[in-house]
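Engineer: Sequence:
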Amino acid sequence: MKTRNKKFYITTPLYYVNAAPHIGHSYTQIATDAVSRFRRICGDEVFFMTGTDEHGEKIERAAIENGFKKGEEKRFTDSIIPNFKKLWKDLNIDYDFFIRTTDDYHKETVKFILDKIYKSGDIYKGEYDGWFCVPCEMFWSHTQAEDKVCPDCKRPLNSIKEANYFFKLSKYQDWLIDYIDKNPDFIMPDYRRNEVVSFLKGNKLNDLCISRSKKRLSWGIELPFDKEYVTYVWFDALTNYISGPGVLNNKKRFKKLWPAEFHMIGKDILRHHAVYWPIMLHAVGIEPPRTIFAHGWWTTKGEKMSKSKGNIIDPYYILGKYPVDSYRYFLLKEVSFGLDGSFSEEALIRRFNSDLANDLGNLLNRTLTMVEKYFASKVPACSKKNGPCQEAAAAMAGRIEESMDRLNFSETLSAIWAFINRSNKLIEVRAPWKLNKEGKQDELAQLIYELVEVLRIVTIAVYPFMPASAENMWGQLGLKDFAKINFNDIKKFGLVKSGTRINKGAPLFPRIKQ
RNA sequence: GGCGGCGUAGCUCAGCCGGUUAGAGCACGAAGCUCAUACCUUCGGAGUCGUAGGUUCGAGUCCUACCGCCGCUACCA
28 MKTRNKKFYI TTPLYYVNAA PHIGHSYTQI ATDAVSRFRR ICGDEVFFMT
78 GTDEHGEKIE RAAIENGFKK GEEKRFTDSI IPNFKKLWKD LNIDYDFFIR
128 TTDDYHKETV KFILDKIYKS GDIYKGEYDG WFCVPCEMFW SHTQAEDKVC
178 PDCKRPLNSI KEANYFFKLS KYQDWLIDYI DKNPDFIMPD YRRNEVVSFL
228 KGNKLNDLCI SRSKKRLSWG IELPFDKEYV TYVWFDALTN YISGPGVLNN
278 KKRFKKLWPA EFHMIGKDIL RHHAVYWPIM LHAVGIEPPR TIFAHGWWTT
328 KGEKMSKSKG NIIDPYYILG KYPVDSYRYF LLKEVSFGLD GSFSEEALIR
378 RFNSDLANDL GNLLNRTLTM VEKYFASKVP ACSKKNGPCQ EAAAAMAGRI
428 EESMDRLNFS ETLSAIWAFI NRSNKLIEVR APWKLNKEGK QDELAQLIYE
478 LVEVLRIVTI AVYPFMPASA ENMWGQLGLK DFAKINFNDI KKFGLVKSGT
528 RINKGAPLFP RIKQ
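Counted from 1, the first sequence has number 224 at position 197 by the working numbering; the numbering is strictly sequential.
If you are wondering where the hints come from, they were derived from the structure by calculation, not from laboratory data.
Accuracy of the hints is not assured; some may be wrong.
Stated by the list, open to error - Once the Cα atoms are required to be at most 30 Å apart in a straight line, the calculated DSBU-like pairs of lysine-lysine come out as:
#	residue 1	residue 2
1	K96	K85
2	K411	K519
3	K511	K524
4	K228	K175
5	K524	K400
6	K134	K188
7	K405	K254
8	K278	K146
9	K228	K209
10	K116	K452
11	K195	K278
12	K33	K279
13	K101	K138
14	K96	K113
15	K412	K531
16	K195	K112
17	K411	K400
18	K464	K452
19	K116	K405
20	K116	K101
21	K519	K34
22	K85	K112
Stated by the list, open to error - Across the chosen pairs, the derived CB separations fall in these ranges:
#	residue 1	residue 2	range
23	R243	A46	20 to 30 Å
24	R182	N276	38 to 48 Å
25	G98	S441	46 to 56 Å
26	D367	K464	51 to 61 Å
27	R182	G312	39 to 49 Å
Keep in mind it's a predicted model, so treat the numbers as computed, not measured.
Even for Gly, the Cβ is constructed at its ideal location relative to N, Cα and C.
Using the sequences and the hints given, assemble the complete structure.
Structural biologist: Dropping the structure here:
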């Protein structure tokens with residue numbers, strides 16, 4: 028187990044704001060939020076940063092398409108940001124800091140880093156050699172355009188040679204291979220690390236073109252050493268991870284937060300994070316982040332989601348039909364984090380009904396009903412406060428800590444559900460309705476008290492995944508100070524005071540009829 | 001083509017260094033119970049563990065070949 032009560036810096040990618048957020052964006056956010064909430068209730072000082080990537084050709088073009096004039100790109104991105112922020116709010120994403128690559132301190136940081144690398148000699152002027160599609164105004168590399176036609180529009184390409192600035196990736200290739208070898212947790216899951224390693228060992232790295240001529244693109248951060256160019260968007264965007272905490276403008280905070288514990292990303296942008304980014308940092312003498320975790324994609328009916336196929340899942344469509352926590356739960360439970368998953372409403376409903384309604388919701392409901400019927404809505408007193416339930420809770424706590432360190436959310440949830448199901452079984456075995464009939468009040472009180480405690484514990488355990496439902500449960504149990512819940516209280520038994528008046532409400536997760 | 005991975009019950013998957021009758025969840029069938037959201041609990045069925053060989057006293061578990069599927073093989077966010 029990693030030590031707790033520490034700072035914990037975690038990031039999501041900066042989302043490109045040329046289109047509306049989709050299921051993939053929401054997946055990264057929800058996963059990151061679950062980790063952050065877990066760490067917070069463990070006592071860590073969490074800094075969860077997310078934000079938006081706003082420079083580059085595609086933004087410039089999207090601005091024009093949306094009726095903005097050249098030079099008004101920032102107004103365009105300003106108009107898009109609220110869509111993202113609103114979705115994060117609706118998904119209960121509790122981030123600490125929102126960074127935009129158009130923020131001044133960020134732009135200054137990018138220039139500072141570029142300047143530093145330029146002066147150290149790792150950026151040099153060379154010649155970019157590739158293809159250009161005039162109608163699309165798009166650059167394509169030789170490997171992208173093997174047929175010499177535009178991969179987008181299929182029209183013939185023009186060969187282009189242009190002076191540009193390059194960053195010496197190649198110089199640090201051996202260093203990176205060695206670093207990954209010595210830090211096996213740097214890239215997770217391991218099958219992704221293997222891919223990166225085999226790529227690094229099998230190819231001589233080409234230097235990275237980090238400039239774009241203003242003749243074609245002006246919407247970007249100007250190179251500090253040449254006014255004729257702006258910065259390549261990836262170089263710009265990656266820098267956010269250090270500009271946000273304040274490498275330039277808040278050195279104290281930066282010093283405390285860096286290195287980041289996790290960069291959460293989708294598998295499609297692993298290369299940039301696992302190769303370019305650590306080399307950029309190394310070139311300026313900053314150590315790499317601890318772990319880059321690349322998660323998988325959601326497919327529908329076996330197909331990758333894409334705009335052209337028209338099979339993209341809109342998070343708002345789901346939120347319009349199902350509770351937010353059913354969506355959060357589904358995404359984190361359905362697959363082992365890292366692998367691809369198959370998304371469908373049927374699967375979501377199945378999970379909801381069997382796990383949330385039948386197992387958890389029903390356990391809460393039946394327990395509260397018994398407190399109501401047998402003890403006039405007040406939690407009964409009990410004499411014995413340790414036993415099998417406590418042991419089971421402690422075992423669960425260990426499994427949660429272990430699996431959360433590996434970001435294996437589905438395993439964490441399985442551990443919690445084993446505890447829930449154990450409790451449903453306990454009710455069958457002890458048959459409280461029988462105890463009641465037979466007038467065995469002490470035994471009945473003991474059992475009901477244990478069940479209330481179990482639910483208190485479960486509430487804390489599910490909180491990182493389903494914060495809204497946890498708050499609801501906490502309230503129904505008649506407990507106070509929800510904001511102060513603490514993971515360590517999972518390991519303690521007997522915290523609920525006898526006499527606490529429960530506050531039974533509507534079923535937590537009403538079954539969805541198909 | 002090269003490197004890596006996968007192919008186990010209807011579905012989704014677990015099976016670590018090879019060792020008693022191959023597991024889980026969901027789905028399905030039966031019984032029990034009544035505190036509960038037609039819920040919960042118990043029991044049950046079915047799998048030649050991709051194919052063919054090999055190593056071994058013994059192989060989903062190691063080796064070889066083949067079939068099928070997937071990922072990576074750079075500068076596009």
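Engineer: Next, verify each hint and record whether it holds.
Structural biologist: Taking the hints in turn, this is what the structure says about them:
Taken as a hint, the K96 and K85 pair is honoured in the structure, with Cα atoms around 14 Å apart against an allowance of 30 Å. Pair hint K411 plus K519 holds up; C-alpha atoms about 13 Å apart against a cutoff of 30 Å. This hinted pair checks out: K511 and K524 have alpha carbons roughly 16 Å apart, not beyond 30 Å. A hinted pair counts as satisfied when its Cα atoms are at most 30 Å apart, and K228 with K175 qualifies at roughly 29 Å.
Pair hint K524 plus K400 holds up; C-alpha atoms about 19 Å apart against a cutoff of 30 Å. At roughly 28 Å between alpha-carbon atoms, K134 and K188 fall within 30 Å of each other, so this suggested pair holds. Restraint check for K405 and K254: not satisfied, since their Cα atoms lie roughly 73 Å apart, outside the 30 Å limit. Using a Cα cut-off of 30 Å, the hinted pair K278 and K146 holds, with the two alpha carbons roughly 22 Å apart.
With a C-alpha separation of about 15 Å, the suggested pairing of K228 with K209 holds against the 30 Å cut-off. The suggested pairing of K116 with K452 is violated, with an alpha-carbon distance near 37 Å, which exceeds 30 Å. Distance hint between K195 and K278 is fulfilled; the C-alpha atoms sit about 27 Å from each other, no more than 30 Å. Pair hint K33 plus K279 holds up; C-alpha atoms about 16 Å apart against a cutoff of 30 Å.
At most 30 Å may separate the alpha-carbon atoms for a hinted pair to count; K101 and K138 meet this at roughly 19 Å. For the hint linking K96 to K113, the alpha-carbon distance of about 26 Å falls within 30 Å, and the restraint holds. With a C-alpha separation of about 24 Å, the suggested pair K412 and K531 falls inside the 30 Å cut-off, and the hint holds. A distance of roughly 37 Å separates the Cα atoms of K195 and K112; the hinted pair therefore is violated under the 30 Å criterion.
In summary, the hint linking K411 to K400 is supported, as the alpha carbons are separated by about 22 Å, within the 30 Å threshold. Taken as a hint, the K464 and K452 pair is honoured in the structure, with Cα atoms around 20 Å apart against an allowance of 30 Å. Only pairs whose Cα atoms come within 30 Å are accepted, and K116 paired with K405 is rejected, the gap being roughly 35 Å. Of the supplied pair hints, the one linking K116 and K101 holds, its CA atoms being roughly 23 Å apart against a limit of 30 Å.
Straight-line distance between C-alpha atoms of K519 and K34 comes to about 25 Å, which keeps the hinted pair within the 30 Å bound. A distance of roughly 21 Å separates the Cα atoms of K85 and K112; the hinted pair therefore holds under the 30 Å criterion. The hinted range of 20 to 30 Å is satisfied by R243 and A46, whose Cβ atoms lie roughly 22 Å apart. For the hinted restraint 38 to 48 Å between R182 and N276, the CB-CB distance of approximately 46 Å keeps it satisfied.
G98 and S441 have their C-beta atoms about 54 Å apart, which keeps the hinted 46 to 56 Å range intact. As the Cβ distance of D367 to K464 is approximately 52 Å, the hint placing it in 51 to 61 Å holds. Taking the beta carbon of each, R182 and G312 are about 46 Å apart, inside 39 to 49 Å as hinted.
Hint compliance for this structure: hints 7, 10, 16 and 19 are not met, and every other hint is.
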